[in-house]
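**Student:** Here are the chains, one letter per residue:
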Amino acid sequence: MTGRPQLFFGVGTGRCGTMAVSNALSLEQGVVCLHEGKRRFGERPGPHVLRSLTLENRIAYEDPSCAAEIVARHRGAMSATATTLGCWCFGDIAYNYAPMLDAIRARYPYARLLVFVRDGYDFVRAAAAVSGQDAAPVGWAPEGKSLSAIEQYVSLGRLAPRSSDKLAHAWPTLPFMARNAWLWAETNRLIFDAIDAWPEAQRHLIRFEEFFAGLPNSYARLRGFLALPGQPPAATLSALRARINARLSGNMQDWRHWSPEQLETFAQIAGPMMRRLGYELRGHTG
Amino acid sequence: MTGSIALDQRLRELFARIISREAADSLTVDSTTDDVAGWDSTSFVAMILAIEQEFDIEVSALEALRLQSVSGILEMLREKGCAG
Numbered sequence: 052m053t054g055r056p057q058l059f060f061g062v063g064t065g066r067c068g069t070m071a072v073s074n075a076l077s078l079e080q081g082v083v084c085l086h087e088g089k090r091r092f093g094e095r096p097g098p099h100v101l102r103s104l105t106l107e108n109r110i111a112y113e114d115p116s117c118a119a120e121i122v123a124r125h126r127g128a129m130s131a132t133a134t135t136l137g138c139w140c141f142g143d144i145a146y147n148y149a150p151m152l153d154a155i156r157a158r159y160p161y162a163r164l165l166v167f168v169r170d171g172y173d174f175v176r177a178a179a180a181v182s183g184q185d186a187a188p189v190g191w192a193p194e195g196k197s198l199s200a201i202e203q204y205v206s207l208g209r210l211a212p213r214s215s216d217k218l219a220h221a222w223p224t225l226p227f228m229a230r231n232a233w234l235w236a237e238t239n240r241l242i243f244d245a246i247d248a249w250p251e252a253q254r255h256l257i258r259f260e261e262f263f264a265g266l267p268n269s270y271a272r273l274r275g276f277l278a279l280p281g282q283p284p285a286a287t288l289s290a291l292r293a294r295i296n297a298r299l300s301g302n303m304q305d306w307r308h309w310s311p312e313q314l315e316t317f318a319q320i321a322g323p324m325m326r327r328l329g330y331e332l333r334g335h336t337g
Numbered sequence: 185m186t187g188s189i190a191l192d193q194r195l196r197e198l199f200a201r202i203i204s205r206e207a208a209d210s211l212t213v214d215s216t217t218d219d220v221a222g223w224d225s226t227s228f229v230a231m232i233l234a235i236e237q238e239f240d241i242e243v244s245a246l247e248a249l250r251l252q253s254v255s256g257i258l259e260m261l262r263e264k265g266c267a268g
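Each protein sequence line maps, in turn, to chains A and B. Under our numbering, the first residue of the first sequence is numbered 52, with each subsequent residue one higher. Under our numbering, the first residue of the second sequence is numbered 185, with each subsequent residue one higher.
By construction, these hints were calculated from the structure, which means they are not laboratory data. Even for Gly, the Cβ is constructed at its ideal location relative to N, Cα and C. Watch out, some of these pointers could steer you wrong.
[What the hints assert, rightly or not] Which bits of chain B does chain A cover? Going by a derived footprint, with three or more residues having C-beta under 8 Å, they are:
| no. | region |
| --- | --- |
| 1 | 225 to 233 |
| 2 | 236 to 249 |
[To be verified] Distance condition first, Cα-Cα at most 35 Å in a straight line; then the derived DSBU-like pairs of lysine-lysine:
| no. | chain 1 | residue 1 | chain 2 | residue 2 |
| --- | --- | --- | --- | --- |
| 3 | A | Lys217 | A | Lys196 |
| 4 | B | Lys264 | A | Lys217 |
| 5 | A | Lys196 | B | Lys264 |
Excised from the complex, chain A in its bound form:
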C-alpha cells in the first residue's frame, strides 16, 4: 500500500478494554497498535516505540496550552514511525490522551479516533488494587496503602482536581472510591467535550459492555471503521476474549456491596457523566 500511513489514536479512562483491542488490532496484517506507546505481543509487553506520556497527562490537564507542544514533541513523527515499523495502519491507545485530544486533532486532522467508555461503577470497582502491588495502577489507591516506585510514578501523572475545582480543597480527605469516581467522570468529560471537533466519520465509540458482549460483530464494525481489508486473523477473537490485565481478586467490591453513603458519593460526583453517557445510576434514591 502506498501513500500516507493511516493513523489512529485511542482514548478512554483505562480498565475499559483498551489492551485487548490493541492486541487484536496488532494481529492484523500491516497494522501496529501500541498501548500507551508500547508494543505488546499478547500477554508479553514489548518495547516502547513512543514515549510514555504518564506525566504529560497531568501537565496538559493543568495547563492545556502545553498540550500542542507535548503532542509535537512526543507524537510529532507518527507517520515516520509507521514507515519505520513497516505498517500501513498505525495507532496508539492510551488513557493519557484525554487532555490532548484537541492538540492531536489539530496536528493530525486526518487521524481516526477510538473512544472507549465503561460503566463508572465498574471502573471504580476495578480502578485500583485494594491490596498487593498494582500492575496496572489506573486509579487512586486506598488511603494509607504502601505504593511501589511505579505506582508512585504513575500517581504523579494521574489527574486530580485543579486548584480552581470545587473538590480541590476536600481532595486530600476523600476516600479512594470518591477519587476514582471523580477520575472517571473528569476523564470522560475531557474526552466527550473534545470529540465534537472530530468528524463523525473519524471517530468510533467502543462501549465496553456492548463491545465484548457483541463479539464478533462489534469487532467487525471496528475493522470497518479502520478500513481493514479482508477477514480478521483467526487469533483476534481469542485475543479479545483473553482478559489481559483483568484482576480477578484484590478489587474493591461490586457496587451492590457499597454502603448507602458510597452510592450517594458516587452519584454526586459521577452522576451527571453517567447520565451523559447513557448509564443508569443504581442503588441511589436521590
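Since the structure of chain A is provided, determine the placement of chain B on it from the hints.
**Tutor:** Below, chain B alone, put in the same frame as chain A:
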C-alpha cells in the same frame, strides 16, 4: 551543567547514588529522562525523594512533573533558594 559548581556536584552525586556513576558523569543541562540511561519511571520518584532530602525542600506533585530534565531540576532549586 549551569548551576553553581557546588550545586552541580551535589546533583551529580545524587544521580550517582540513585541511578549510576555513568549517568552522573554524562549529565549536561540539556539531559532529560529521554536520554539518561536508568533515569526512568522506577528511579524518577527516588530521585525526587533524594532531592527533597539533599536540599531540605518539599516538592509538590505538580512541581515533580517538571523534574524530567536537569534544567527543570536546576530551575526548581533556584526558585526554592537552593542555588548557592
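**Student:** Now tell me, hint by hint, if it's right for this structure.
**Tutor:** Hint by hint, here is what the structure shows:
no.: 1; hint: 225 to 233; result: holds (count 6)
no.: 2; hint: 236 to 249; result: holds (count 4)
no.: 3; hint: A:Lys217 <-> A:Lys196; result: holds (26 Å)
no.: 4; hint: B:Lys264 <-> A:Lys217; result: holds (29 Å)
no.: 5; hint: A:Lys196 <-> B:Lys264; result: holds (30 Å)
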